[in-house]
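**Student:** Chain residues, written in single-letter form:
Number of protein chains: 2
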Amino acid sequence: MSEYIITAAILIIGDEILSGKTQDTNTSYIAKALAKKGIDVLEVRIIQDDEAAIIFAVNELRSRYTYVLTTGGIGATHDDITASSIAKAFKTPLKENTNASAIIKNRSKEQPTDHYLSMAFMPEGSNLILNSLSEIPSFYIDNVYVLAGMPSVMKVMLDDVLPQLKSGQKVYTNSLTSNALEREIAKDLADIQSLFSNVSIGSYPFYDEHNKGTTLVLRSRNTDALKSATKKTLDMLRAYNHEPIIDFAIQI
Amino acid sequence: MSEYIITAAILIIGDEILSGKTQDTNTSYIAKALAKKGIDVLEVRIIQDDEAAIIFAVNELRSRYTYVLTTGGIGATHDDITASSIAKAFKTPLKENTNASAIIKNRSKEQPTDHYLSMAFMPEGSNLILNSLSEIPSFYIDNVYVLAGMPSVMKVMLDDVLPQLKSGQKVYTNSLTSNALEREIAKDLADIQSLFSNVSIGSYPFYDEHNKGTTLVLRSRNTDALKSATKKTLDMLRAYNHEPIIDFAIQI
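Each protein sequence line maps, in turn, to chains A and B. According to numbering that gives the first Met the number 0, the residues represented by the first sequence are 0 to 251, in order. According to numbering that gives the first Met the number 0, the residues represented by the second sequence are 0 to 251, in order.
Treat the hints as calculated values from the structure; they're not laboratory data. Take every hint as true, because none was put in to throw you off.
Only pairs whose alpha carbons sit at most 20 Å apart, straight line, appear in this in silico DMTMM-like list of lysine to aspartate or glutamate:
1) B:LYS154 to A:GLU208
2) B:LYS90 to B:ASP49
3) B:LYS154 to A:ASP207
4) B:LYS104 to A:GLU183
5) A:LYS211 to B:GLU134
6) B:LYS230 to B:GLU183
7) B:LYS94 to B:GLU123
8) B:LYS36 to A:GLU15
9) B:LYS226 to B:ASP190
10) A:LYS154 to B:ASP207
11) B:LYS154 to B:GLU134
12) A:LYS108 to B:GLU183
13) B:LYS20 to A:ASP246
14) B:LYS211 to A:GLU15
15) B:LYS186 to A:ASP113
16) B:LYS31 to A:GLU15
17) A:LYS20 to B:ASP246
18) B:LYS231 to A:ASP78
19) A:LYS186 to B:GLU95
20) A:LYS154 to B:GLU208
21) A:LYS186 to B:GLU109
22) B:LYS211 to B:ASP246
23) A:LYS104 to B:GLU183
24) B:LYS186 to A:GLU109
25) B:LYS108 to A:GLU183
26) B:LYS35 to A:GLU15
27) B:LYS169 to A:GLU15
28) A:LYS230 to A:ASP187
29) B:LYS211 to A:GLU134
30) A:LYS186 to B:ASP78
31) A:LYS31 to A:ASP158
32) B:LYS186 to A:ASP78
33) B:LYS186 to A:GLU95
34) A:LYS231 to B:ASP78
35) A:LYS186 to B:ASP113
Using the sequences provided together with the hints, build the complete structure.
**Tutor:** Below you can see the structure in the form of C-alpha cells.
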C-alpha cells in the first residue's frame, strides 16, 4: 500500500491567545478537520500581531509544509495586519480585490468607511475564501489559507477551504487507557513498538489524587498493522492484570 | 522610565496535542505565570515527538528569546525523546545525572528498570528542576527549561523554575467590552492608537446568534499612558452610546 503524506501547519495570530487571556480552541477544531482528510498537522505556532513575526513564520511554514492555515488579524481595525504582512511575506503588493469590495459594499446600507473597506485589500494573486456567516470573505495565496480568528467565522471559512485541499491517507487511532504505570510497562511497550515500524505508539501517563495510569495511543495508516499492534498491546496489559478502557477506530 | 524586556517561547511537544485529541491547557497556564513576572511570551509552538522537529525548534527558539520552556516527552517510555533531542540540539552528550538517579532509586521499592532510570539521563551541563508532586526531576540547560507534559507535574516544576527567571517590567491590561462594531469605531480607534506609541490597543470582535460586539484590550508597561488611552477609548465608546463592561487592571 503506497502512502502519500499531505502535511499542514496552523499559525494562530493574536496577542490575546499568547497572553493566556483567551484559550485557543481553533487549533483543536482545525486539526481534527484536517485529520479527517488524512492531512498531518505537524506544527502549530501562536505568534503576536506583529509584522516581522508574521512574515518570518509564514515564510518558514509555507516552505516546510503542504499547507499553512492561519487564523486571526483580518478584521477592520488598525491591529489587523495579517493581510498586509502576508503580502510582504510573498513580496507582492496589497491590492483591493474588487469581488471582495463588492461583497462589502453590497451588505452595507451606506457607503462603507475606508477601514471597513480595508478588509477587501489582499495580496495580489489571492483567491477568495467565502464566509457564509457574515459574508466578508478572506483569501488564500499559494499554499497559505487565511481564516478569521473568531471561531464561528473560522468554521464557515474552513468549510469553504476543506474541499479544495488534497486528501492524504487517513491515520487511524486506537487507544487503551488503564492503571498501568509507565515504569511497569515501558520495556514491553518498547518491544512492541520495535516490531511495528509503521505504527506509532504513544504513552500518555495521568496522575492526580484519584487516579494513576497511562493512555496508550496507537496510530497508523495501515489497518492490519494497527490491529496486530493493538492486539499485542492489549495482551501485554492483560498479562499485568490491567483491563483497559478501549477506544478503537479499528476493531481488532 | 526605562523598559527592560524579558521574552520567552513555549514549546509544547506531543502528538496528542497536535492531533487535536487533547486540548492543551499548559500554554495558557504558563503564559499567565510568566506575565505575572513581566516576561513577554512572544511565541508558542506545538510539535510532534520527533527528534528533527525538536532539534530545529529548540535551536531556533533559544536563539530568539530570553527563555524557552518546553512541556512533554520526558517520561519513561520509548516515545519520550525530549531529553535526548535537546542534548543533540546543544551538541552535548546525554549522561546520567547522579542526583536524579539517586532520587529515582530512593523512591523505588525494588531496583528500578533501565527504562525507569532513563529519566535520569540529561544533556551534560544540565541542572535539575525539582518535582514536589512525584519527585522525579527534570532539567534545564542554558536558557531551555524542560517541564513535564502532565499539567499537575508541569505546575510544580514551574513553581521550581519561576523564582530562577529574571523579572521584566509588568504589562498592565485594561479591557472594555461593548456592542460597538469594529466597522463603526475603527477610525476613532486608530486615531487613539496613533496618540499612544507605548500602548498596544487590540480589538477582538465577537459574533454569535445572541451577541455582536467588540472587546478592546489596552496593554502597556506605562500606567499613566494606559490610564490616558483607556479614558479616551471609554469616552469614544460612550460618544457612540455604547456603555462597556469594564475590566481594568489600572483604574482611570
